Amino acid sequence: MRFGFPAALWALPLAGLPIVLHLLSRRAARRVQFSDLTLLRAVDARARPKARLREMLLMAARCVLLAALILAAAAPAFRGDAAAGGQGLDLVLLLDASYSMQAHDGVRMRFDAAREAGRRLLKRLAPGDRVAVGVFDEALKAPLAWGDARAADAALAGAKPGWRGTDSDLALSAARQLLEAAPRGRKRAVVVLGDGAEHGLRAGAPLAPADGAAVIGLRFPALANSWLASAGPALDSSARAPRLEARLAASGAAASTPLDLWVGDRRAGSTAASAPAGGEGRASLSLPPADNPGAPVWAGRVAARVDALSADDELYYALSHRPSPRVLVLYADPSFFRAGKPGWFLRELFGGGRETLAGRDADFLESARWNEADLGKYGTVLVADSARPAPGLSAGLESFASRGGGVWFLPGARGTEADLAAYPWLPARFGPVEEPSSGGLKPARKGEATSGWDELDLSRVTISRRFALEPAPGAEVWAADASGAPLLVAGPVGRGRAVVWASPLDSAWSNLGLKPLFIPWARACLALSVSESAADISRRSTVGASLTHSWSRGEAAPNRITVRAPDGRRTTIDVSDRKAVLPETSIPGLYTFEDGARSIAYAVNLDPSRGESDLLPSKSPPWRSADVDALDTVFLDSVYGKDMSVWLLALAALMLIGEMLLSLPTTLTPLAAPKAMAKVAGAAALMLMLTLTASAQQGDRFVWTQLQLGETWDPYPDAPSGIVSWLDEVTSVRTSPQRRVISLNDPALFSSPFLYLAGASAPPELRDDELRRLRQYISGGGFLWIEDSGGGPPGSFDRWLRRELPRIMPDSALAPLPASHVLYRTFFLLRGPAGRVRVHGAVEGVEWAGRVAVLYTRDDVLGSWAKDALGKPLRTCVPGGEAQRELARRLTLNVVMYSLTGSYKADAVHQAAILEKLKAAAQ
Amino acid sequence: MRWLDPASQARLKGLALSPRRASGLSGAPGKHRTLARGHSRDFAQHRPYSYGDESRSIDWKAYARLDRFYVKEFRAEDRIPVFILLDCSGSMAYAGDGRPSKFDLGRRLAAAISWLALSQGDEAGLVAFSAEAKLALPARTGAAQLGAVDEALSALEISAAEPADLASAIAAAAEALPRRGMVVLISDLMGDTAGALKAVRVLAARRHEVLVVRTLDPDEREFPYEGPCLMEGLEGGEPLFIDAREAAPAYREAFVRQADAYAGSLRRAGISYAVAETGGHWEAALGRLLSR
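Residue numbers (the numbering used here), protein chains in the order written: chain A, 5 to 927; chain B, 5 to 296.
To be clear, the hints were calculated from the coordinates, so they are not data collected in a lab.
Watch out, some of these pointers could steer you wrong.
Incomplete in silico selection of chain B near chain A, CB under 8 Å [what the hints assert, rightly or not]:
no., residue
1, Met5
2, Ser95
3, Glu236
4, Ile246
5, Glu250
6, Ala251
7, Ala288
8, Arg292
9, Leu294
All of these numbers come straight from a predicted model, not from anything done at the bench.
Cβ atoms here follow ideal geometry from the backbone N, Cα and C, with glycine treated the same way.
Put together the whole structure using the sequences plus the hints.
Dropping the structure here:
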């Protein structure tokens, strides 16, 4: 992580401010005197862990918030290699212009893609940035120099891919030197617009450019490529059977391609070649015979199928072979071919319908008709059976030899010394016939001609009769017999050469024809007869190297010579010291040195030794690789660093939200929310259960249930609590202190077996469904106590009731209860009704199924319970005063007990005790 | 009278300190019903005459009707000592702003109850307790006792000693009671709820008639504080640092639970119970207490 504004980091301790403030707030807390801390301590102990956790989280959120804001202000950049630099950017763009960049990946050339990426990059530069552009292949085309973006763009636009290899190390070290010389304090970046291929990076772990510089290179998808590694004369190629051997190499994938052979401008043949991936394959092509048999030269190209990289699929060749022209064998008469005669051996030697053994083909001609032959077609004339020469033969042969031909002279068996003297120009003069005593011969000179003779047993070659040879000055003796007499003499004649053998080939004279030495001997003679011929030459060079053409001793060297390049351009160069040097070859192809009539072609090809054609990318390049299209983003990330401040601000916002949520009041904190929701859910479930089940009794507790009907339904709101508490005190009934108020439509109606209805004025008329519900209630076993709380003469409430009750209970009527009713005995023994007033003599009730289901009192019994704020009775009881109040209270209890227990006190078992008590009370 | 003014007297007139159960007590003549037979105007029952009864007590009308000798029996009327147990521990000194302290309220309540007791002929005594109990005033009847009560109340002070817990304090107070009677416990009952209830029930089990008045300040119920506070208890102990805003709901809930526990438990035990707050009408609370 690097920071664009590190001074802001000094503010980082501020992030600890919330902790400091929290600690200070403890001290700043005000002191409060409170009476007793027991409850507070208990509350605090229970809430402490949660509260502490919340506190910690809150402080942590605040600290992280502040820290994130401070870090964001410091403009952090992530993984920016060059981000540590200051303002301004020094950018070095290195464009790879080697021929591997000409590879075409189906859409465009790699060179174009890299160049476009470079130009896109230039658009991203700020005005204060400097750019140096270097186009390189094996060396930088121009030294690196700083310029601005426009100059760089122009330089890139003008670059073109070349034909050389790649040396990225060189370019990188040049970039490094440039950056080291640049002043510090600026960002640095080096972008290599190449293909990142392995062939460009030789040195293993090359030098990294200057520290603090971002180095980025391009990465292209791997392309398989196949190329022609070499095309040259096959080992066994000769002028008579010229063959080219081409090697095909492939990388990335195995390749098999047809190879086309072009000689000059004509297509001369084709074959197929294949190579495994990473390896080579060979193919051989046979060349057509040379146009000019005397100068067998072939120049042209071998073309394979064009693939991704087309530049390496064509290879030029220029080769020339030692010419092997035909031999003209001149013989004297037809008996030449009889067995044992030289012609018989020679015919065998020159093939006689089969392949020649001497390496050259021969034509046989009678020497008398020698004029008919076109001596220009032949390279050597073999006078095989020389006797008396035909007219003009000697002169003709001499001129033939002096023009460059070769003469091989074998004396005939019938030749005499005088006949043989007709050839004075031969390198040896013939002497008399001799018969050597010993056989065998041995080579007299070391040379290429007699190089293979040592392996043969030369002692068994016997030459029984021979001529004596007297070598001329300047001639070379190549073989001599055991006594040292020369047998094989060769020497120059004009421009050509002549070879003389001392003995005819007749078997009478020597057994040479029968010996294995015969063939090597014939080859040696033929070789000796050929003047300094051109060796097998393959004229090749590589692009970029200079071409040198030199003339041999025998040739005349001109002063100036013109060289034609493959693209047609002609250059004239001076010849000095028999050499002409073309300083530079920039494109592959055939360069022709044109010298008047002759033109000599040189083949210039791409240099395969650098492995440039292998397009496989390097596995661990010394730079950060970026795809061509993603170069911009990688560049910006690398130079300026990925901007982390957005992430930090997002973190700060998150912490802010967290802090706000946490600092809400406790009832809403996220920590308490699940618990609160669970509580709410549990409470809802419980309430649901409560409303469904018979909760009226709240277990088995008596609940005073009051019916809310009309406006005056609740004259004494505090009376029920007093009643219930007295009930709880006096009896063993378990009570619930809260009264319940329901309406007729409440589902809890059927969970309240005791129902009290009071009123002073008439409530609204009951609807049908309410009537039905009431009837259901009563017939289901409920007890309804209706009271007229007016306490005076019958009012509207009384009238309403007497109207409604027959509607509720059509079968039964309201009837007064006698004083002996069990109601007056259920708990206390009472003589009669009492209430706040004591107006009426009896209470009324509606009987249903043997019990009083509806009780109607008009004495305002509940009014006797009413209390004021001090707890004293609110209303006086008339006329009995406190005693009446006591009786009213007892009546209330009796009614409640009646509703709970029914008429069990009417059972016979209780009668005696009741009677006794009554009697005692009466007294 | 410092602790009782005529306005309160007027409001409290008519209240009666009457024990629920008729208890066989001192035997000294007083207003209350007892099971003992004595001389009063209330007729209890007829009893057949037996040898040794006074001939004055023969009911001649019954003899006229039934031709047998019956003796009328009258109920004895007793007077009871009313002991006021006043909590003098440190927490009683708490006073909300603009309100008197709980201790002053307790003293007024004590004065009013003594006046009620004395005006109906009973004895009134005072026991002050905090860590240990002291009989500040022995129980006596008479008008002069009221003045003595007043003086004794003025002389009482909040004890600054480290308090024991409430339960042992009430138990100590119970030890200090000389004889059975009516006990009115005036305290704020702040402390160990279960222990206090147990001590009060023990007190009731000693055949005292127990009435409990709880004096509170509205602040203790409402907890009106905010922000971080360092709470110092009036009864000593370590100060407690809390965040009042967060602790308030839980505290109020705990307070309500404690109040309900006291109310329910005391009512089940048959002990009259009332809560008097310093800002409100304590006479009404007294009325509620005495009219149960």
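Index of numbered hints that the structure contradicts, given in increasing order: 1
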